[in-house]
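Based on the hints, put chain B in the right spot on chain A.
Protein sequences appear in the order of chains A and B. Letter by letter, the first sequence follows residues 1 to 371 of the working numbering. Letter by letter, the second sequence follows residues 1001 to 1271 of the working numbering.
It should be emphasised that the hints constitute simulated quantities derived from the structure, not laboratory data. Fair warning: there could be bad hints in the mix.
[Unchecked claim] Result set (DMTMM-like, lysine to aspartate or glutamate): computed pairs, CA atoms no more than 25 Å apart in a straight line:
(1) B:Lys1130 - B:Asp1090
(2) B:Lys1166 - B:Asp1003
(3) B:Lys1166 - A:Asp161
(4) B:Lys1074 - A:Asp365
(5) B:Lys1221 - B:Asp1248
(6) B:Lys1166 - B:Asp1067
[Stated by the list, open to error] Partial list, derived from the structure: chain A residues whose beta carbon lies under 10 Å from chain B:
(7) Gln110
(8) Arg160
(9) Trp182
(10) Ala272
(11) Ala273
(12) Arg274
(13) Ala275
(14) Gly277
(15) Pro279
(16) Gly280
(17) Ile364
(18) Arg367
Predicted, not measured: the structure shown is a model, and the values here were computed from it. Glycine is no exception: its CB is placed at the ideal position from the N, C-alpha and C atoms.
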Amino acid sequence: MTDPDGPSGTATAVPEPPEKAAGTRGRRRALRHPLARFLLRRVLIAVLLAWGITVVTFVLTNLVPGDPATANLGQRALGDPAIVAQWRQDHGLDKPLPQQYLIHLGGMLQGDLGVSQQSHRPVSQDLAETVPATLELAGAAIVVSLILGVAFGVVAALRRDRLPDHVLRVLSLIGISVPTFWLALVAFYVFFYRLQITPGSGRIDPGLQAPPPVTGLATVDSALAGQWDVFASAVGHLLTPALVLALYTIGLLTRFTRSAVLEVLGQDYVRAARAKGLPGRVILFRYVLRSALVPIITVAGLAFGSLLSGTVLVEAIFAWPGVGQYAYKSATTLDLPAVMGVGLVVGGVYLVINLIVDVLYGVIDPRVRLQ
Amino acid sequence: MLDITDLRVTIGGRDILGGVDLSLRQGQVHGLAGESGSGKTMTGLAVLGLLPHGARATGSIALEGRDLLGLRPKELNRVRGGEIAMVFQDPATSLHPMLTIGRQLTEHMRHHLGLGRSEARSRAVELLAKVRIPGPEEAFGRYPHQFSGGMRQRIAIAIALACSPKVLIADEPTTALDVTVQAGVLRLLRGLCDDLGLAVLLVTHDLGVMSAVADEVSVMKDGLVVESGPRGQVLRTPSHPYTRSLLDSLPEAHAVPGESGQQSAGDGETA
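Chain A with its partners taken away, still in its complex shape:
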């Protein structure tokens, strides 16, 4: 933690302007705050991990058997070694791997992820279009699962071994057991094709004008633009795939919340809180849920990862133009820059989620923060 305003020794020798000195002191005090130090440590670790992700995605992508040239060039072109060599040279595949990695890393630091061999557009541009769609879907799913999963889990724990508990236990088991792709197909068939109560594929109805992109999230952009018909359509389109995607996580969170709450309910400090005569809702929210949140956010963070992999199938079935579909297309055509780009984004999302989870531990539990 170096001081940008010079070593502290000079502050006494050369009097600084008072406001500048105050700023330095404020910054130092901010870094001394346990939460700030905790955050700084976590962010540094995250940067290291991000670098690790670039290595792993690069190595794994290049370990995959198969020649990108075979996947991308036609039969006739493949017959001509000169064309193949030219194509490999154009895509930088003739250089040794470590050099390829350095070129890749250098480009990445400038936001250049290479050019997709399929779409012939910069990968970063492709990702900028597909990632928000997936984030909207996965974000809606995780919000729904957190709200419903935690609420169901708390109800099941408080009504332990009674009817609500039994019903919720069966439901959560179904949620965990049913494969997402099957559920997606059934939901699409029943609600769209048979009952016609949900809109079909895509993010908004085909006849509507897409809102000007600000965040890339159809619901947010349409609301920002005041296009309420588009907003309604976007929410309608989001609902079914998000619920389908969320079902597994809802089941998972219900079970984990139930056991976490039951465990906390048996703790001495909950009995001590009852002995203090606190009202039931204060005990539930202040004493029980606060402690139960630690395992819950751990599971929620992990579940977000499985949500992302679930989006590949759900996006394919609901024709959702997200990163899952893009990943599928790039992988099947051995579009290496695109695959690496997707790997990077997914790895980055994991990193951010883990960082958020770590920080939340620190916010919730003083024992983590004050270590």
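Okay, now just chain B, sitting in the frame of chain A:
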């Protein structure tokens, strides 16, 4: 002050307490002794209506003439913490690890006494000083894990005293503490009992602890009180064979109950 008559508790058809009679008086420490499983803790929990799920209590627990067993949940909540408070065995687990000492000291004061934030705070700091926590102002904003075991138990006692209860139930308050720290906590309890006129029910399996602070002693076995009376009488001339066997099982140093326990053991705690 608090009269327990013919208290019976059953859990799932099994008799846990088979008719307990006890009475606590203002300014007196009533020791409740007995081996594990004899029903001491259940008696304490029954007073506050904190029995485990599925337990049924019959008989009468009268606080200044009001039967606590017949109270509605809301009225019972007013008694808990407000009129009868409890200190638990292990201060490492009976304080919420994620809430500040201040929060845990003030929340029930604000709820029961309707105090404002700053009033509650200044009273909390007073209480912390009363239980001899060094630097009570700073302690207010700290978390339980930043204190030693003995200090945590003092804090738990401060929390119990916050709403000026009439009765304090202390369930093995020194069992989880180092022997050197025990004496300090016991002396604190005794002092508070004398100063504030509390009626204290001291549940313990440790007759040494009992002999140091109790005025009255009751001995429990298998859910029944087998012997009850003034400390000197019960501990010196026990009439029930079970009490005698409890006393005989003590190591020599503790075997002669007297006043020495109060003075000899120093307060081994440091800040």
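Evaluation of the provided hints:
As the CA atoms of Lys1130 (chain B) and Asp1090 (chain B) are separated by approximately 21 Å, the hinted pair is consistent with the 25 Å bound. A distance of roughly 13 Å separates the Cα atoms of Lys1166 (chain B) and Asp1003 (chain B); the hinted pair therefore holds under the 25 Å criterion. Simply put, Lys1166 (chain B) and Asp161 (chain A) have alpha-carbon atoms about 38 Å apart, too far for the 25 Å limit, and the pair is violated. With a CA separation close to 31 Å, the supplied pair Lys1074 (chain B) and Asp365 (chain A) exceeds the 25 Å bound.
Our distance criterion of 25 Å between C-alpha atoms is met by Lys1221 (chain B) and Asp1248 (chain B), whose separation comes to about 16 Å. Note on Lys1166 (chain B) and Asp1067 (chain B): the hinted pairing holds, with a Cα-Cα distance of about 15 Å set against a maximum of 25 Å. Interface restraint check: Gln110 (chain A) against chain B, minimum CB-CB distance 44 Å, threshold 10 Å, status violated. With 10 Å as the threshold, the beta carbon of Arg160 (chain A) comes within range of chain B, its nearest partner Cβ sitting at about 8 Å, so the hint holds.
With a least beta-carbon distance of about 40 Å to chain B, the hint placing Trp182 (chain A) at the interface is violated under the 10 Å criterion. Evaluation of the Ala272 (chain A) hint against chain B yields a held restraint, the C-beta minimum of about 4 Å falling below 10 Å. The interface hint given for Ala273 (chain A) holds, since its Cβ lies 7 Å from the closest Cβ of chain B, which is under the 10 Å cut-off. Against a cut-off of 10 Å between C-beta atoms, the interface hint on Arg274 (chain A) holds, since the closest Cβ of chain B lies about 6 Å away.
For Ala275 (chain A), the suggested interface contact is upheld, since its CB lies about 4 Å from the closest CB of chain B, less than 10 Å. A hinted interface residue such as Gly277 (chain A) counts as satisfied when its beta carbon comes closer than 10 Å to some beta carbon of chain B; here the least separation is about 3 Å, so the hint holds. Because the closest C-beta pair between Pro279 (chain A) and chain B is about 7 Å apart, less than 10 Å, the hint holds. Among the interface hints, the one on Gly280 (chain A) holds; its C-beta lies about 9 Å from the nearest C-beta in chain B, closer than the 10 Å criterion.
Annotation: interface hint on Ile364 (chain A) holds; nearest CB of chain B at approximately 6 Å, less than 10 Å. Given hint, Arg367 (chain A) at the interface with chain B, holds; its Cβ is 5 Å from that chain's nearest Cβ, closer than 10 Å.
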